[in-house]
Structure formats: C-alpha cells, structure tokens
Amino acid sequence: MISSRNADAGFASSRKIESDPASSFLKVLLLIAQSALIVAGFLWLAPADGFRNPDLARIVVFHVPCSIVASIASTVATVYAVIYLAKRRPSDDIKSRTAFAIGLLLWVLTTVTGAIFAKVQWGAYWNWDIKEKSILMLLLINIAYFALRSAIDNPNKQAAIAAAYAIFAMAAVPALTYLLPNSTPDTLHPKGVITTKEGLDAHYKIVLWSGVLCLTGVFVWAMRIQVRLEELALRVQKSKSTSRGAKVVITELGP
Amino acid sequence: MAYGGTTLFAGVTVDIRAGQRVIVTGANGTGKTTFLKILAGLVRPASGRVEVDLGNRKVDDVGERRRLVGYAGPDVNVYDELSAVENLAFLARLRGVPADAGIDLLKKAGLKRSKQNHPVRTYSSGMRQRVRLAASLLSAPPIVLWDEPTAMLDAEGRGFVDNMLKDHVEAGGVAVIATNDPAEIDRWGDRRIHFDG
Amino acid sequence: MIPLMLVPLIVWVAVWGYMWTLDRKVRALAAEVDARDTEESDR
Amino acid sequence: MTDVSISTDEQKLDTTAARLNEPKTASWVTCAWEIFRKDIRVELRTRYALGSVALFSVTTVVMMAAALSGAPVKTEVKAALIWVVLLFAALSGLARAFVREEEAGTAQSLRLTAPATAVYAGKLLFNLALVFTVEAITVPLFSVFMPIPGVRYDLFIPILIAGGWGLAAAATFVAAMIAQTTSGKSALFAIVSFPVLMPLLMAAVQGTAGAFSQVATFEARALADIGQLSIYGVVMTTASLLLFEYVWHD
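Residue numbers (my numbering), protein chains in the order written: chain R, 1262 to 1516; chain C, 129 to 325; chain B, 12 to 54; chain V, 22 to 271.
Fair warning: there could be bad hints in the mix.
To be verified - Pairs of lysine-lysine residues, derived as BS3-like cross-links and limited to a Cα-Cα distance of at most 30 Å, are as follows:
#: 1; chain 1: V; residue 1: Lys95; chain 2: R; residue 2: Lys1394
#: 2; chain 1: R; residue 1: Lys1466; chain 2: R; residue 2: Lys1392
#: 3; chain 1: C; residue 1: Lys186; chain 2: R; residue 2: Lys1418
#: 4; chain 1: R; residue 1: Lys1348; chain 2: R; residue 2: Lys1418
#: 5; chain 1: R; residue 1: Lys1466; chain 2: R; residue 2: Lys1394
#: 6; chain 1: R; residue 1: Lys1380; chain 2: R; residue 2: Lys1392
#: 7; chain 1: C; residue 1: Lys294; chain 2: C; residue 2: Lys243
#: 8; chain 1: R; residue 1: Lys1394; chain 2: V; residue 2: Lys99
#: 9; chain 1: C; residue 1: Lys236; chain 2: C; residue 2: Lys294
#: 10; chain 1: R; residue 1: Lys1380; chain 2: R; residue 2: Lys1466
#: 11; chain 1: C; residue 1: Lys235; chain 2: C; residue 2: Lys294
#: 12; chain 1: R; residue 1: Lys1394; chain 2: R; residue 2: Lys1380
#: 13; chain 1: R; residue 1: Lys1392; chain 2: V; residue 2: Lys95
#: 14; chain 1: V; residue 1: Lys206; chain 2: R; residue 2: Lys1394
#: 15; chain 1: C; residue 1: Lys186; chain 2: R; residue 2: Lys1348
#: 16; chain 1: R; residue 1: Lys1466; chain 2: R; residue 2: Lys1288
#: 17; chain 1: V; residue 1: Lys206; chain 2: R; residue 2: Lys1418
#: 18; chain 1: C; residue 1: Lys294; chain 2: C; residue 2: Lys186
#: 19; chain 1: R; residue 1: Lys1418; chain 2: R; residue 2: Lys1499
#: 20; chain 1: R; residue 1: Lys1380; chain 2: V; residue 2: Lys206
#: 21; chain 1: R; residue 1: Lys1392; chain 2: V; residue 2: Lys99
#: 22; chain 1: R; residue 1: Lys1499; chain 2: B; residue 2: Lys36
#: 23; chain 1: B; residue 1: Lys36; chain 2: R; residue 2: Lys1466
#: 24; chain 1: C; residue 1: Lys240; chain 2: C; residue 2: Lys294
#: 25; chain 1: R; residue 1: Lys1499; chain 2: R; residue 2: Lys1348
#: 26; chain 1: V; residue 1: Lys206; chain 2: R; residue 2: Lys1348
It should be emphasised that the hints constitute simulated quantities derived from the structure, not laboratory data.
Between the sequences and the hints, there should be enough to build the whole structure, so can you do that?
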C-alpha cells in the first residue's frame, strides 16, 4: 500500500516508499566498481619491483584509500560534533557518532593493511614509525569516545560530552602528526609517493584514487542508512513518550 | 519539556509576577524538582524557554539568569570541610558580594553562633538546610527557587523560613517553592502549580 | 594470487549485500512509521 | 512550546532593583582565584589528593628501583621511566578535583554561582600545584635511586614545567568529563586521557632523554621539545576553555 499523502516534509528523504532508481543504480555501480578495483589490484597491476615482495606491495592500493577515507570520516565526525554543540540537534549527534564508528572501522582496516605491508617491507608488524603512532592515537581516541559515551546515561549530557571530547582530542592529533615528525628521524613512510608524478606509475594511481572514490561512496551510503535508522528510532521513541507527560494544573489562590 | 528522554511535562506557560509566591505541588517524580532546576538553569529543557522580565529589559540567556536566581535544593550542597561562615564567605566572593554578607543571613536562618564556625561535616541535616537557604539569598537575588525548603526543619526552623521568605517577597522578589506540606500551601501560595503524574 | 584476491572480494560482496538489505529494511520501516503517523494524525 | 516567563517589574522591586544592575558574579579572575584558594584550603584539611599522589610516587619509584636493583639502564629508558611514573602519579590525584565536587553536590552550587571557564581555571591552578608537587617528590627520589650523570637541569626543568602544564590542562578537562559519568570512573579516566596525552608523553620523554644524554645534538633537539610541550600546553588550555561550558553545564 503506497500512501500518497506526504504529511511531514521534514523526513522527505525517508518518505519515498519505492526506492528511487537513481540511488539504487549508484549502489549497484558501487558494487561493480569496487569489485573491479579489487580484481585490478591483484591481477591487472604489475608487481611493484623495487619492493622486497613486489606482489604484496600492491597492498598500498588498499592501504592508502582506507587511510584517506578514514581521515575524511574522522573530520566529518568532528565537524558534526562542532555543529551539535552549536545547535544541540540530536540528528547532528547521530551523524557525528556514525561517522566516528565508520572511521574507527576504516582506521582498523588501515592499520591491518599497513601491518601486513610493514611485516614484509620493514621486518616487523609494528615499527613505531611516526605515522603508526598517530594512527594508534586515532584508534585510542575512537575507542575512548565510545567508552565515554556508554558511561553516561542522560542522552543530552552524553551527546554534549562526547562531542566536546571529540573536538578536544582531535585538537591534540595535529601535535602528533605535524609537530613531532619534524623533530624525529624521518618516517619510514615514503613521502608524497601517491601524489607526485614520478611516485607510483599511472595504473597504480588510477586504481588507488578510484579506490578512494568508491570507499567514500561506501562511507556516505553507510552514513545515510545509519542516520535514517537512528532518526527513525528517535521518532518512534518520541511518539511513545509524549503521551505519558504529567498534566499541569495552574490555579489562582489569590493573595 | 523533555528531560533525559522522557517527557515530564509539556505546554507549561507560567507568568509569575513580582512579589508573588508560587507553590509548586505534585507527587515525587512528576517533574516538580526538574521544573525548578530548569528555571534555575541547572537543567536544559528539551524545548521551550525561560525568560525573566526585569521591567527595563528581558533576560533569556541562561548564564545571566543563573546570576539572578537563588536556588536551594536537597542535591545542592556546601563544602563539608568548611564551616558555614567559610562556605558563605566563599560563595559571597563568587557572587561579587562582601564576604561577611553571609553572617546576618546565617543569623536570620537561625543557625546558632557557636556552631557557625564548625565544619559543616558536624551539622545536623536541619542545620545544613539552614546554610543552604542562607546561601541561596546571598546576593539578594530577585528570584528565589526553593525545593522543599522545610523538609528537614523543626518548628523553629520553619518560622525562620517564613521570615526570610516574607522579607524577600516584600522586597519585591519572586519565590517559586516546591512543597507538599499543606500548611505551607495555605501560608504562602499566592498561586499554585500542580503536577499530577 | 587468485585465492588471496578472493578474500577481500568475498568480504566486499558480503558487506555490500548486508548494506543493501539494511537499506531496504530501513526504507520499509520508514514507510511503516510514516503510515502509522499519518493514520494517527487523521484520527 | 513551553514558555515560562518570570517577571519582576521595576517599581515593586525598589530594594532588589538597586542590586539588579550590580554584577551578580565577581570578575572572572576573582572567581577562578577564589575557587583555587578554596580547593587549596579543602585539600590542606583533608589531604586526599596530596596524600595519594605522594604515596603513589614514592612507592612506584622505590618499587621500580628495587625491581631493577642496580641493573644498568640506558638514559633513554630512564627518561621514559620517569615520565611514566610522573604521568600515573599525577593521574591518580588529578581525577579527584571534579569527582569529589560532583559526588558531594557542591558542583551544583558552583554551577549556580561561578562562570564555567572560571571553574576550569580554578581547578587548573589547583591541578598545576598538584602536578608540580608530584614532580618535586618524584624527580629527586628518582635521581637518588637511579642516578643520572651529567643531567642538563637547564633543559630538564623547563621540560618538567611545560610538560606539567600540558598534563594538568588536559587532565583537568578530562576529569570534568569523567566526573559526569555514572560508572567505572578511574579506569575510564586513564582510557580517555591517555590518547590525548600521547603527544605530550612522547615530546617529554624525547626531551628528557636529550637532557640526560650529554650529547650536544640531542641536547639541541631537547630545546625543540620544550617548544612543542609549550605549544601543546597552550592548545590544550585554549581548547579546554572553549569547550568546558558544554561539559560543565547541562
């Protein structure tokens, strides 16, 4: 039964009963594109000679997109945290929390792919390279963010403190990624290899940057689903609770 | 106003005039205390707003409202390690009022002079309540919000509360008091707001 | 190399499938809630 | 929409009217200073924080020295050890500042009387005093048990000061958040504060290692670390002052 009446414009996006063809097409395209990238990453790209294990060096095509989109997710999450503190709308808190969750997932993926590469190339899963320290810090911040959230009951307080912590912790991150590196021995991570011309060859760059595009698509899609789900839960909970409020009787007793 | 996800009450429009004493009654948990805390700026209402009309200007910023309000409630305490005098001196300096402003308030609240310099740790709950009430009147705020002010007080204590309230209201102050004590409702209630769950 | 490639490929397809069904479910739920709201507001 | 308007119109309020325009709260600096003085006085009477922090530092240093029992330890390791002890000793006392106020209900009366940032500033001053006390106890004790030849104190002292300030600034803000949680406070304090303190710890250890190293190049680099620690302190203090209101008030 498709209800034609559009009572509440506020949630227009979830109003569409039949899924709009455009977004379905995009999602299917995402499936095909990312699968193609995975195949290309393994088969189409020539082994990267000059690395200890040329075959495995291809992992950079997965490692770098993960880390780029993860930082996009963390930035988006921090931006929504700022917006939440300014406007105190629950929807901004939901978006911030969702972006942090996806960010955490992507940072874990980045760490895993990085560790695999590091084992072969630099000899150990973990080498305390400055970039590894900053990713460790980001992982710990994400974990602390959710630990802090679960320890506060009042939803308004929880959202406000989580947002404040997110901004506060993110303010400390650049201290580790920019300030410290310039006084410690150079990082094992090659500098500017993905952006400069003579770094990676054309094929690698295509696969890598389209990987970033696809992963960003996944991030946006996951965000939309989660946000719509949570806003729905909020609406259901709100409609349930309004009926129970206490009745207020104001009477004039006179002086 | 929703608080902590559950809507306690909605659609409250209250206009309280100067020199008026308003009694807020209702069973526990229906939102009496939350209502007072929202007025005091200790709790953020999910919707709606609180505005103080000072005649020459209107105040709706919660930070500024906090400075116009004297709140006393069971969960707002003073420092156990400090004496009543030290506590009030500290709060007075925060309020920008001379440190000894608390002395005569303590006298009005009926706290025996001998006890005033002992740490609050040694006080009975009735004496603590008197210190709370005195603290709420420190900078002669135009608005006084008391949550069950006489709950732990003996007859003599109630008499002191009456006087303090009378002085405050005669000076044109506004008082909003949450209580379920019928005697007080008749004595003070110019207007009454009742929350039934 | 092929078997190694299958791991991320399978994982990706599974993730995509999960997201697709979740998307479907959320839309259906949204429709249901809207329907109930409009019903409620008509009463 | 719930509108609650309380009106105290001008005419009837002759006596309180005079006070209406008087500032109902002291200047920001006085508030912060008064809160600091109150914290010092309460602390001297109870010695909760002071006691636990002093005991913690002494036992940790002695335990560590006993565990090593004179085994040769490289100076970089000593630099790391001393900062780990400083960090945990300080953290054991720093959470107390806000947790006790929330539990006793005195935080509510502070919310009613003082501006949020002044509360942070007051507590920061108290925590600074606490951190410097920890350093004053731990560092001499450390050098007794694990002597470090040729320490450049002209480098080490600034590192202790800048590092101590950054530590106090960040820990005070985190303590205010932890005080609002309902469960698992002490564990949470470490989990939440550690990632933020990572840059501080690394810069401090690196600088201290430089100060201990008696190697000119490392000593030169220690100067850069002092700079970074100060920048860290400034960033943390500013961020805390801007964000504190959202943590403190509902």
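* Hints the structure violates: just list their numbers, smallest first. => 20 and 23
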